[in-house]
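Just so you know, the sequences run in chain order A and B.
Counted from 1, the first sequence has number 1396 at position 399 by the working numbering; the numbering is strictly sequential.
Counted from 1, the second sequence has number 37 at position 50 by the working numbering; the numbering is strictly sequential.
It cannot be assumed that every hint is accurate.
Here's a subset of chain B near chain A, in silico, CB distances under 8 Å, partners left out [claimed, not checked]: (1) TYR26; (2) ILE28; (3) LEU59; (4) GLN67; (5) ARG71; (6) LYS72; (7) ILE88; (8) VAL90; (9) GLU96; (10) PHE107; (11) SER148; (12) LEU151.
Within a straight-line C-alpha distance of at most 20 Å, the following computed EDC-like cross-link-like pairs (lysine to aspartate or glutamate) qualify [what the hints assert, rightly or not]: (13) A/LYS1102 - A/GLU1015; (14) A/LYS1285 - A/ASP1243; (15) A/LYS1242 - A/GLU1199; (16) A/LYS1224 - B/GLU69; (17) A/LYS1285 - A/GLU1246; (18) A/LYS1224 - B/ASP37; (19) B/LYS143 - A/GLU1015; (20) A/LYS1281 - A/ASP1243; (21) A/LYS1102 - A/GLU1199; (22) B/LYS143 - A/ASP1243; (23) B/LYS118 - B/GLU69; (24) B/LYS143 - B/GLU69; (25) A/LYS1242 - A/GLU1288; (26) B/LYS68 - A/GLU1160; (27) A/LYS1102 - A/GLU1289.
In short, the hints are calculated from the structure, not lab data.
None of the values given here were measured: they were computed from a predicted structure.
Every residue gets a Cβ at the ideal spot worked out from N, C-alpha and C, and that includes glycine.
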Amino acid sequence: MGSLEGIITGFQTAFSIEAIFFVLLGVFAGTIIGMLPGLGPISAIAVMIPMTFGMDASIALIMMAGVYYGAIFGGSTSSILLNAPGVSGTVATAFDGYPMAQQGKAGKALAIAAISSFVGGTVSVILLMLLAPALSSVAISFGPPAYFALMVLGLTAIASLSEGSTIKALISAVAGFMVVTIGIDPQTGTQRFTFGNINLLEGLDFLVIALGLFALAEVCSLVLNRKDESIKNAHNIGSLKLGKKDFKEMSGPMSRHSILGFILGVLPGAGATIASFIAYITEKKISKKPEEFGKGSVKGLAAPETANNAATSGAFVPLLSLGIPGSGTTAVMLGAFLVLGVQPGPMLMTDRPEIFWGIIASMYIGNIFLLILNLPLIPYFAKILKIPRPLLISLVIMFSMIGVYAISFNTFDLYMLLLFGVIGFIMRLFAFPAPPFILAFILGGMLEQSFRQSLTISNGSLMIFITNPISLALLIISLLSFVIPIIQQLRKTKQRG
Amino acid sequence: MPISQKTLNSGDVLMFKTVNQRVSIVLLLIAALYLIIAYQIPSYPYTEVDADVIPKTLGWLLVLLSASLFFLKDSDSEEQKERRKIPKKEIGVLLVVAGFILVYIALLEIIGFVLVTGLFIFFCSWFLGYKKYITNAIVSILFPIIMYLMFTELLKLSLPSGILPF
């Protein structure tokens, strides 16, 4: 099927009444879950997956994509109103958004966030439409060694770019990979780490891990902070109107960071968080009045909000065209694809154009819905933040339990969910980042498969990864991506010692 | 006094080091356990790369990384230390919530989804300090019923009905 025909199919899918309804549902749910304290896009996607059972795959994935960028959009609201970002991608939003709210201009801040998110989201979808097919046609020639190297790069990039210690992030990734080796080895049929338990033969479901490490671990933090009264001090929203001067000030950062944020989103490991920080720092550096930043600057708010939404669409490039997620959140998105029986990758564009182009096309609609939901309706939405913490905690626990149970109808998985909730909480206490864990868990199976396929091709020689130019280049980059931070860390240790 | 102050400081440094070192010891134990089982994976003759290659690699990688963690000094910030300071009472609260979850799982397939979910929401919210009994009761009744109907009617997935007749 030709590319143009594919695009038309995609738009037809995305503009059907059913798809429009589910996009609306997706962005609505995403906005609300993203707005809730602590619950980010990973929990939002994981909680919504059970809703898609029995749905048509293209419609279901259009909805799930909506949940994802809706959650990024919604996260800015709690950053601005409470200085409590629901998502790490909106931490930078609070730098200038919260001071603006403190000055009684919360409405203006929310409007700036909504408009810059819309611009960032929409511009980057255009770029996504151009880049994803191009990358797909390149990736179609990739063999197992190149895929192996690509996944290794994804893992080392997320480990070296995550907050805190690189070694802890790498340990987290190795642990995630270890958990996925539980079950029957698909290539030889050998049982590994099953301890004779029939519930472990098929391995653990990714929802158990995603909901445990993210939603339940977050519940623990919510329990500890349940007496937090910050919502009672939330400011009145005030007028949502923006003046001509505001638009003039926003236009620069919006145009710059739509593109820059998109590029950072495409790169493995970077994503919305890093894109928003870089956008903030760049804007402050090039500003004529850097002293305004941190005190309610329009530019300082528009820049990270544009960038994090642009990065979200950017992250769909490797996910759709290579089938390889570059972040924890897109890893869970990949999980959603696999649950619905869709394998993203270079063949998706030609084999399932209604999914490939449908998701992309639906993002235009989704962003318009988000603008409508966030601009006039935001004062009503913000009331969600007032949901009492104890009730919120009980409901999040129940959503997680239902999600896992609906996949397996087995209480064994629920015990495992609780176990991973505890593991996730302990990881937080000792500053082990969870995104590398979930990414390794989701990539682990594919990584092992491509590794073994490569060695089968080469009759067991590891040289195949070096003689293949693509895999060699990627492996060198991934080696550098974690060796450099470790050397820097060691130097710091030496200097201090 | 100066002496005691000095010992206090070096004690601090010692504590500082031991957090990461204790964690790394635990990780080494996990790695060892994982490797012991990995070396017992039966071999399969007709393949270039057997099922035990990746697990063994992962086990040794974890050994290597935990050893590096042992020697790293400065990756535990003040903020993280602060985060670990949980009052004993709060640990008790977390354990009770975990206990509620365990009871929930154990009873789910026996007394059924709607009843056990309603009870969980009501008692868990109440335990965590939610005092508006009427709102709590309404949510505890409506949420499980809506969820149950959505799953069984819309998504055609059966949740355990338990002792309730429907």
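Hint check:
1. Of the supplied interface hints, the one on B/TYR26 is violated, with its beta-carbon coming no nearer than about 12 Å to a beta-carbon of chain A, more than 8 Å.
2. With 8 Å as the threshold, the beta carbon of B/ILE28 comes within range of chain A, its nearest partner Cβ sitting at about 6 Å, so the hint holds.
3. With a cut of 8 Å, the hint placing B/LEU59 at the interface with chain A holds, because the nearest CB-to-CB distance is about 6 Å.
4. Taking 8 Å as the C-beta contact cut-off toward chain A, the hint placing B/GLN67 at the interface holds, the least distance being around 5 Å.
5. Interface hint at B/ARG71: satisfied, since its Cβ lies 5 Å from the closest Cβ of chain A, which is below the 8 Å cut-off.
6. Taking 8 Å as the C-beta cut-off, the interface hint given for B/LYS72 is violated, the closest approach to chain A being about 10 Å.
7. At about 5 Å, the closest approach between the beta carbon of B/ILE88 and any beta carbon in chain A falls short of 8 Å, and the interface hint on this residue holds.
8. The criterion of a C-beta within 8 Å of any C-beta in chain A is not met by B/VAL90, whose closest approach is roughly 11 Å, and the hint is violated.
9. Given hint, B/GLU96 at the interface with chain A, holds; its Cβ is 6 Å from that chain's nearest Cβ, closer than 8 Å.
10. Because the beta carbon of B/PHE107 sits about 7 Å from the nearest beta carbon in chain A, less than 8 Å, this interface hint is met.
11. Violation of the interface hint for B/SER148 is found here, the shortest Cβ-Cβ separation to chain A being roughly 13 Å, above the 8 Å cut-off.
12. Annotation: B/LEU151 was flagged as interfacial toward chain A, and the flag is violated, the nearest CB pair being 17 Å apart, outside 8 Å.
13. Proximity of A/LYS1102 to A/GLU1015 is assessed by CA-CA distance (about 38 Å); at most 20 Å being required, the pair is judged violated.
14. Between A/LYS1285 and A/ASP1243 the CA atoms are separated by roughly 16 Å; this keeps the pair inside 20 Å, and the hint holds.
15. With a CA separation close to 59 Å, the supplied pair A/LYS1242 and A/GLU1199 exceeds the 20 Å bound.
16. A distance of roughly 18 Å separates the Cα atoms of A/LYS1224 and B/GLU69; the hinted pair therefore holds under the 20 Å criterion.
17. At most 20 Å may separate the alpha-carbon atoms for a hinted pair to count; A/LYS1285 and A/GLU1246 meet this at roughly 12 Å.
18. Of the supplied pair hints, the one linking A/LYS1224 and B/ASP37 is violated, its CA atoms being roughly 53 Å apart against a limit of 20 Å.
19. Our distance criterion of 20 Å between C-alpha atoms is met by B/LYS143 and A/GLU1015, whose separation comes to about 19 Å.
20. With a C-alpha separation of about 17 Å, the suggested pair A/LYS1281 and A/ASP1243 falls inside the 20 Å cut-off, and the hint holds.
21. At roughly 53 Å between alpha-carbon atoms, A/LYS1102 and A/GLU1199 are farther apart than 20 Å, so this suggested pair is violated.
22. For a cut-off of 20 Å, the pair hint linking B/LYS143 to A/ASP1243 is broken: about 50 Å separates their Cα positions.
23. Of the pairs offered as hints, the one joining B/LYS118 and B/GLU69 is violated, with about 30 Å between alpha carbons and a cut-off of 20 Å exceeded.
24. Using a Cα cut-off of 20 Å, the hinted pair B/LYS143 and B/GLU69 is violated, with the two alpha carbons roughly 47 Å apart.
25. In summary, the hint linking A/LYS1242 to A/GLU1288 is supported, as the alpha carbons are separated by about 19 Å, within the 20 Å threshold.
26. With a C-alpha separation of about 16 Å, the suggested pairing of B/LYS68 with A/GLU1160 holds against the 20 Å cut-off.
27. For the suggested pair A/LYS1102 and A/GLU1289, the alpha carbons sit about 15 Å apart, so the restraint of at most 20 Å is met.
Going through the hint list in order, the structure does not satisfy hints 1, 6, 8, 11, 12, 13, 15, 18, 21, 22, 23 and 24.
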